[in-house]
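Q: Here is how the chains run, residue by residue.
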Amino acid sequence: MTQLLFYGCLFVGFSPILAFYAMVVCRNSQLIILSIGGSFFWLLSMLVASIWWYIIPPMRTSFWFIIPFSIAIQEAFRYLFYRLYAWGFNNRPSLSQVQSQLQKQLKEKSINSSDQSETELQQQQQSSQQPNHQDINTRLETLSARPNHTLSSAAIGCGSGITYAFVMYGTIMWDSQGPGNLFSAACPTVSLFMISAILALCISLLHIAWNVIAFQGFRSKKYYLVAFVIICHYLISYLTLLNIKKSCEGSVVSIGIITILTIAFCFRTLLNSDSISKKVD
Amino acid sequence: MITFKISLLLLLFSFSSFTLGQVNPNSQVSSKIYNIPNYVYPCTRMLTNNGVAGCTSKAGGNDGAIFLIDSDASLDNLISGPSQPDKIILALDPDYFNKSIIEKVNSKSFEGILVLTDKPQSYAYSPDIAYPNKAFGLYPNSNFTWNTLGDGLSELSFNYPIFAIDTNTSIEIRQYGESNRNGLYPKHGAQLISFMQAIMTSESCLHRGFCAPMGGLSSWATFSPSITSAQPILMVIVPMDTTAFFHDMAIGAQSNTYASVVLTSIMRSLSMVDQSTWNMQVVFAVFNGERWGYLGSTKFVNDIVNFKCSEYYDDTNTTCSSPFNSDLAFMNISLSNIQAILELNQIGNPLTTNAKQQLLFAINQVNPNSPQSTIRSNIMSVSDRLNLSVGCQVATDVPELPPSSSMSFLKVSPNIDHAVITDHFGAYTNNFYNSHQDTSSNVNQQILQDTITLFATVIDQMAGGKNNITVDTTFMNDIFSCLTQSFSCDYVERLLPVYPYDTYPSFYSSVYGTAPTAQLLTIQAQFFHNLFINLTNSVVGDVCSNSKSCPSSDYSCIGSRCRISNTHYHEAVSLAFTFDGSTGNFRVTNTTYPTYTESNWDYTQVKFFLVDSKKSEIIFLIVGIIEFLSTVAILIFSRNYLSKRYKLL
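Which chain is which? The protein sequence lines are A and B, in order. Residue 228 in this note's numbering sits at position 137 of the first sequence, and the numbers go up by one each step. Residue 1258 in this note's numbering sits at position 149 of the second sequence, and the numbers go up by one each step.
Don't read these hints as lab results, they were simulated from the structure. Think of the CB as a built atom: it goes at the ideal place given N, C-alpha and C, for glycine as much as any other residue. A portion of the hints provided could be inaccurate.
Stated by the list, open to error - Computed list of lysine-lysine pairs in DSSO-like fashion (alpha-carbon distance at most 30 Å, straight line):
{"hint": "1", "chain 1": "B", "residue 1": "Lys1520", "chain 2": "A", "residue 2": "Lys200"}
{"hint": "2", "chain 1": "B", "residue 1": "Lys1196", "chain 2": "B", "residue 2": "Lys1213"}
{"hint": "3", "chain 1": "B", "residue 1": "Lys1141", "chain 2": "B", "residue 2": "Lys1228"}
{"hint": "4", "chain 1": "A", "residue 1": "Lys336", "chain 2": "B", "residue 2": "Lys1723"}
{"hint": "5", "chain 1": "B", "residue 1": "Lys1141", "chain 2": "B", "residue 2": "Lys1213"}
{"hint": "6", "chain 1": "B", "residue 1": "Lys1753", "chain 2": "A", "residue 2": "Lys312"}
{"hint": "7", "chain 1": "B", "residue 1": "Lys1417", "chain 2": "B", "residue 2": "Lys1520"}
{"hint": "8", "chain 1": "B", "residue 1": "Lys1228", "chain 2": "B", "residue 2": "Lys1196"}
{"hint": "9", "chain 1": "B", "residue 1": "Lys1723", "chain 2": "A", "residue 2": "Lys337"}
{"hint": "10", "chain 1": "A", "residue 1": "Lys337", "chain 2": "B", "residue 2": "Lys1724"}
{"hint": "11", "chain 1": "A", "residue 1": "Lys336", "chain 2": "B", "residue 2": "Lys1141"}
What the hints assert, rightly or not - Interface residues of chain A toward chain B, partial, derived using beta-carbon atoms under 8 Å:
{"hint": "12", "residue": "Val115"}
{"hint": "13", "residue": "Ile147"}
{"hint": "14", "residue": "Trp155"}
{"hint": "15", "residue": "Ile263"}
{"hint": "16", "residue": "Gly271"}
As the list claims (entries may be wrong) - Chain B side only, calculated, beta carbon under 10 Å to chain A, not exhaustive:
{"hint": "17", "residue": "Ile1142"}
{"hint": "18", "residue": "Tyr1143"}
{"hint": "19", "residue": "Asn1147"}
{"hint": "20", "residue": "Asp1172"}
{"hint": "21", "residue": "Gly1298"}
{"hint": "22", "residue": "Ala1299"}
{"hint": "23", "residue": "Gln1300"}
{"hint": "24", "residue": "Tyr1422"}
{"hint": "25", "residue": "Asp1424"}
{"hint": "26", "residue": "Asn1540"}
{"hint": "27", "residue": "Lys1716"}
{"hint": "28", "residue": "Val1720"}
{"hint": "29", "residue": "Lys1723"}
{"hint": "30", "residue": "Ile1727"}
{"hint": "31", "residue": "Ile1728"}
{"hint": "32", "residue": "Ile1734"}
Using the sequences plus the hints, can you model the full thing?
A: Below, the structure written as structure tokens:
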């Protein structure tokens, strides 16, 4: 009977972030590597957070106490990964920068070559079979060029978001296949699997938005963006606690609204940032 | 975050299960959803060569919302009311469990049945057939009806699961069913898993290895160190096993467990008397598998008459390797040496009284009017001599011998002097014959001591003794509560190597095993055997931990002491089956004998949980698909839109 519920939860919880992964991240091999890096660092932060949680047995069920530490650890790992990313990538030209440079070179060449005689053109063809040093450099630059910062940070966020969704929710969702259903005290009529699917959807998307905003903040040293991410993270975490006893509507609706607002804010900061610019043709 | 919390819990699992081995059961998601009672009692599938009986679930189990039937109104609501929106599992009040109700509800669609046990059934009822074991007794063409209450429910085949539920869980289910009546979601649901592997007939399932023959192990014991042909034998027998619609709830207090209590207490009393003047060898036997066509007694009689060992295992000649038999002690008994049989059958609740206000047991004989019957005259003389609350009277009006183990002996040797003792003169007076309701409240415990005194005196007198019998009332009461109430007494702890998983006493014989060398020994059969050793031991040796630490193979380690006793198991299996060593399976070779087999199964389980309405789940799935499609559309659109207008650096 509740294979239905299983597939419902699967679509609601996972489809947006998996679609983002398939349609955005998978188009570039470097983005895939970055997303795997993002998920690895998020798992490391969870490992540290769970060790912290485990070594203090009396506070294990006091989530208000555990949340601040685990969020701090997650954000610290986000910064660590940013430093690693910056160390490897910051001084490299981006793909679009390399491409525009290449186009500029080609333009100059074609202007020059139009004046040249036929013999010279033949020589040119010969030399193109044995490319000169400048060409080699351009190709290497193209191969090792980094994807742009916005997509990189989104891919890292996507990696951690997918890992989050599978680790936190995938294992629970597996149990929704059986005939039984789970209801919480806060929501005696709505299945906890459904609520969790919606929360997994919101929070996995928030992982992308947070990562884009935070990386933007780190890179451009606008630390109010980082502060926004941390505060938003805390807010979301404490809102989920409403699900335990008080009100699941309050938690789900407010988390949904915050998610939409955060994504909107993310786009706004992007447009104001140095990593995106209007095309001028 | 709630999901965050759960991830922490998951990480806890990996830690605790790998490093410490402690798992907090409350934190597993499925244990929060499913409430799984420890003890449930399934209806399982039995087969004969003519077809199947009993129940089976689908391979993955049947589930549905609980629908309680505890009144005629709720039954009418199911049958003629509006159709149910969900799949349903019926929960039947004890009073609504009988063939006519099951046939009524069979017209509706449902997934399975739970039978509650929180109240006793308020009317007399037996799910067994009208003449138990008719085809295998002395009167296969009889028109008499012994079990007048029987409606034959146990012989029917159901393609859905039926479970009985213990008392405490039954109370919960009743509440679940009542709260489901308001029609609001979430509803309480249940899943019943009892998938039976065997189909068709005994012959085909044995061939495929999906079932095993009914049977088990009988036990017999005697006080004399060895059986000789010099003295005649008095057999005191009791059919040990019983059955019920739910096999694991077969207490059978009146149908035979009362007789088992009497038999063991008689042995206890006789072990304390002076046996030096006895000129008979008294053999006590409890036969297993008697409900399935007198398996134990038929096999025993057949073996003492026909068994020939063609190859002994070793020089001691106690074990035969071809045909396999691990204990050849029965070969000392010859049928011609058996002078008399005293069978205690259904004796738990005599209702007939005589002028002295004694409760009367019936002495049943094939020919009650025959002039010479030593056993009858002995019983009558003791009954008249002792001034007890119980007495005996010859059942002269009954046309036949009631279904009894003695029939197996009389079939082969009709002239053995015999007496089958019952509490009924004619048709059964048992209110719950072969029902799970045949519990200790269905028998008369007040007369237990006098019954023991009466029959122990009869046996002593027949054997040649003149002793005054004293009854060990502590032993009697312990064994009574152990066998009819909770299988957890001091004797169980002392005499059995393992403690029973479920202390609900059940004397269902179960299956014989998958091969003669792979026999199944039920804990109840083992209990009788070990109790017999304890009661009849002639030598008690040192403290031991197992039989290997005893001085010789003659000893067995029972109750932490090495003991020598003339106590033996005997196989109880139908003569219809022959073991085929080349295929490793039994084959049906003689269909004149019973061909009962029991299906194999992996496990049986009942789960309780909450179910949501199907409508909300469908809506959620549709929302999810729409969400997926719109995400893809937004991504394509925004990629096109943004790449035209913006340049990413």
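Q: So, for every hint listed, does it hold in this structure?
A: Going through the hints against the structure:
1. Lys1520(B) to Lys200(A): Distance of about 117 Å is beyond 30 Å: violated.
2. Lys1196(B) to Lys1213(B): The hint holds at about 18 Å.
3. Lys1141(B) to Lys1228(B): OK: Lys1141(B) and Lys1228(B) at ~29 Å, within 30 Å.
4. Lys336(A) to Lys1723(B): holds, 26 Å
5. Lys1141(B) to Lys1213(B): violated, 36 Å
6. Lys1753(B) to Lys312(A): holds, 29 Å
7. Lys1417(B) to Lys1520(B): holds, 21 Å
8. Lys1228(B) to Lys1196(B): holds, 27 Å
9. Lys1723(B) to Lys337(A): holds, 26 Å
10. Lys337(A) to Lys1724(B): holds, 26 Å
11. Lys336(A) to Lys1141(B): The given pair, whose Cα atoms are some 16 Å apart, holds under the 30 Å limit.
12. Val115: holds, 7 Å
13. Ile147: This hint is violated: Ile147(A) lies away from chain B, its Cβ roughly 12 Å from the closest one there, beyond 8 Å.
14. Trp155: violated, 11 Å
15. Ile263: holds, 5 Å
16. Gly271: holds, 3 Å
17. Ile1142: Holds - the Cβ of Ile1142(B) comes within 10 Å of chain A, reaching about 4 Å at its closest.
18. Tyr1143: holds, 5 Å
19. Asn1147: violated, 18 Å
20. Asp1172: Holds: closest Cβ of chain A sits about 4 Å from Asp1172(B), inside 10 Å.
21. Gly1298: Holds. Min distance 6 Å.
22. Ala1299: holds, 9 Å
23. Gln1300: holds, 5 Å
24. Tyr1422: violated, 52 Å
25. Asp1424: Hint violated; Asp1424(B) Cβ to chain A Cβ min 60 Å, cut 10 Å.
26. Asn1540: Result: violated, 38 Å to nearest chain A Cβ.
27. Lys1716: At 7 Å from the nearest chain A Cβ, Lys1716(B) passes the 10 Å test, so the hint holds.
28. Val1720: Since the shortest Cβ distance to chain A is 6 Å, the answer is holds.
29. Lys1723: This hint holds: Lys1723(B) lies near chain A, its Cβ roughly 7 Å from the closest one there, short of 10 Å.
30. Ile1727: holds, 6 Å
31. Ile1728: holds, 8 Å
32. Ile1734: With Cβ-Cβ at 6 Å, under 10 Å, it holds.
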